Amino acid sequence: MALELSPKQAGEIADSTYALRLSDNMIDAAAGAASARGDFGIVDGQRLTGTTGAGPVSRTTGFGYIAFGKSGARQGECLVAIRGTEKSSAHDWLTNLRMAGVQGPNGYTVHTGFWKLASGILPQVREALRGRNPTVIHVIGHSLGGAAATLVADALHGSSVAGVKLYTFGAPRAGVELHASALTGRLGRENIFRAYHHTDPVPMVPVFPYAHVPYEEEACLLRGSGTLLSVNAHLMPTYLSSVGEQSWRQLRLAQSPKLDTFEAADRWLAEAARGDSISIMLSASALRMILWALRWVLRKAGEMIGYALLGGATIIDYLAKLIYLGTLQSISLARAVENMIAAILRFTGRTLAAGTKLTDAFIQYVLELLFRTVATVAMRAVNQLP
Amino acid sequence: MGLFSELVLFSDVEGVVLKDGVPVEGAEIVQEITYQEPGKIPSRTVKTTADGRFALARVTKGSGLSRVIPGQPSILQRLVIRHGGTEYEGWRHNKNSYELNSELAGQPLRLVCELTNTPDFEGKHYGICRVALE
Numbered sequence: 040m041a042l043e044l045s046p047k048q049a050g051e052i053a054d055s056t057y058a059l060r061l062s063d064n065m066i067d068a069a070a071g072a073a074s075a076r077g078d079f080g081i082v083d084g085q086r087l088t089g090t091t092g093a094g095p096v097s098r099t100t101g102f103g104y105i106a107f108g109k110s111g112a113r114q115g116e117c118l119v120a121i122r123g124t125e126k127s128s129a130h131d132w133l134t135n136l137r138m139a140g141v142q143g144p145n146g147y148t149v150h151t152g153f154w155k156l157a158s159g160i161l162p163q164v165r166e167a168l169r170g171r172n173p174t175v176i177h178v179i180g181h182s183l184g185g186a187a188a189t190l191v192a193d194a195l196h197g198s199s200v201a202g203v204k205l206y207t208f209g210a211p212r213a214g215v216e217l218h219a220s221a222l223t224g225r226l227g228r229e230n231i232f233r234a235y236h237h238t239d240p241v242p243m244v245p246v247f248p249y250a251h252v253p254y255e256e257e258a259c260l261l262r263g264s265g266t267l268l269s270v271n272a273h274l275m276p277t278y279l280s281s282v283g284e285q286s287w288r289q290l291r292l293a294q295s296p297k298l299d300t301f302e303a304a305d306r307w308l309a310e311a312a313r314g315d316s317i318s319i320m321l322s323a324s325a326l327r328m329i330l331w332a333l334r335w336v337l338r339k340a341g342e343m344i345g346y347a348l349l350g351g352a353t354i355i356d357y358l359a360k361l362i363y364l365g366t367l368q369s370i371s372l373a374r375a376v377e378n379m380i381a382a383i384l385r386f387t388g389r390t391l392a393a394g395t396k397l398t399d400a401f402i403q404y405v406l407e408l409l410f411r412t413v414a415t416v417a418m419r420a421v422n423q424l425p
Numbered sequence: 440m441g442l443f444s445e446l447v448l449f450s451d452v453e454g455v456v457l458k459d460g461v462p463v464e465g466a467e468i469v470q471e472i473t474y475q476e477p478g479k480i481p482s483r484t485v486k487t488t489a490d491g492r493f494a495l496a497r498v499t500k501g502s503g504l505s506r507v508i509p510g511q512p513s514i515l516q517r518l519v520i521r522h523g524g525t526e527y528e529g530w531r532h533n534k535n536s537y538e539l540n541s542e543l544a545g546q547p548l549r550l551v552c553e554l555t556n557t558p559d560f561e562g563k564h565y566g567i568c569r570v571a572l573e
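Those protein sequences? They're chains A and B, same order as listed.
Number 245 in my numbering belongs to position 206 of the first sequence; there are no gaps in the numbering.
Number 465 in my numbering belongs to position 26 of the second sequence; there are no gaps in the numbering.
One chain only, chain A, in its complex shape:
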């Protein structure tokens, strides 16, 4: 199979898509993708458009482009690049805590908003591919465009004989765990290149049961400056600066700690809840750990109560109910949940009052607090995209 694009090439391509939001001149995209335009005929590529809003306030703008490899090493290859979306839509997608999924390109549950964007782009991509038979399709996106790129890659792989390689920067999760697992298997984890900063809030949403591809892998963690969640960490110039001239292999060497088991999550939560050894308020690494721990708590509760309750959608009161019912079944889970609640409150600058009863309503309140905090910071980051 063809060689992957370098992190710098993929990053510049992702960055270059923003120029086409208001320009219909492909030169403006090619100018930004300096390291890739020698290999791909971006100037001769096709601008992809999308419509946002509804009724009299709807409007059509550029959402990316498709281009084909020039003669030489990339002959016969194709690239599809998608930009992040506008802030009005981003607000809906990131802050709606009760968002439900929808059946995606291969039958699995995916995020409604991301699939809507991808669905608008796919017919244009398929039309551009008509009569061509690319050997590989590189699908690239930043931010919400990365989530849409994930679903476009999914759909193209399902309907094309070409190999598909996926590259995302600071992308949110596009589908539920089953989707992420299946897509990772079909594309091959070696063909998925996910880069993110540990302080970028956008890849942290939506939360469980949504999952990243490659599934169960750390992907390419980039160390930005600072330890707190940062909107700057989400922006393409920051990503381009972080990847520099490195290869994907070099980027994959940087791994962040994660919680591999319920027991590991339990230990971390106990320490975080005590609050005597680690400062976690708005800490990006603490948030990652909390989200890992939440995932294990939900899995544990799901084993006892049954996942049928979830119905495949991220519905916060269902999550709270599942956790609550789990605490009634298991003393060890109840202790972990209490520690998790304390850790979440500390993350948001609050404390858990002694003797507070962990009702399902209180668990729901704390989960909403957590998700809203993450979504608000994530929304600020995408708000500044053009």
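Think of the hints as simulated: they come from the structure by calculation, not from any bench.
The structure presented is a predicted model; accordingly, all values stated were derived computationally and were not measured.
Glycine included, every Cβ here is placed at the ideal spot set by N, Cα and C.
Between beta-carbon pairs, the in silico distance windows are: (1) A:D83 x B:P462: 31 to 37 Å; (2) B:T484 x A:D63: 22 to 28 Å; (3) A:R171 x B:E561: 28 to 34 Å; (4) A:E284 x B:G465: 42 to 48 Å; (5) B:T557 x A:L408: 58 to 64 Å; (6) A:Q114 x B:A544: 30 to 36 Å; (7) A:L292 x B:E453: 40 to 46 Å; (8) A:S198 x B:T484: 50 to 56 Å; (9) B:K486 x A:D63: 28 to 34 Å.
Calculated pairs, SDA-like style, for lysine to any residue (alpha carbon to alpha carbon, straight line, at most 20 Å): (10) A:K47 x B:S536; (11) B:K486 x B:T555; (12) B:K458 x B:T525; (13) A:K47 x B:F560; (14) B:K479 x A:S62; (15) A:K47 x B:S541; (16) A:K47 x B:G562; (17) B:K479 x A:L61; (18) A:K396 x A:E377; (19) A:K396 x A:A373; (20) B:K479 x B:L448; (21) B:K458 x B:L572; (22) A:K297 x A:A258; (23) B:K479 x A:N64; (24) A:K47 x B:L543.
Just some of the chain A residues that point at chain B, by a computed CB distance under 10 Å: (25) E51; (26) D54; (27) S55; (28) Y57; (29) A58; (30) L61; (31) I66; (32) D67; (33) A70; (34) A72; (35) A73; (36) R76; (37) V82; (38) L274.
Using the hints provided, position chain B relative to the given structure of chain A.
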């Protein structure tokens, strides 16, 4: 850059217009900026001096609260050169930062615009203007 400092949409530009290496007097340099919405920033025009030189001071926007939440802009820049009834594509660039001189990764924007050049890419910009060698 402080929280409430200005957002630079187009950094200061100094340049010279030449034709076959000879300075061109009276050429019009039209500066266009597309930011957020088409037509939001009015274009402006300067003329080259007897030695072919032109200068455009930076174009800025008050930051308001934008600096509190620093972000990734997309600012389409264009310089069009008009001379002898012909229009030349001088400079096209998508500025992806509010920082001064981000167009050339921190270097000041000094251009040589040779009218006989064929418009082409140079780094992350396009046109007949080339970055002046120091």
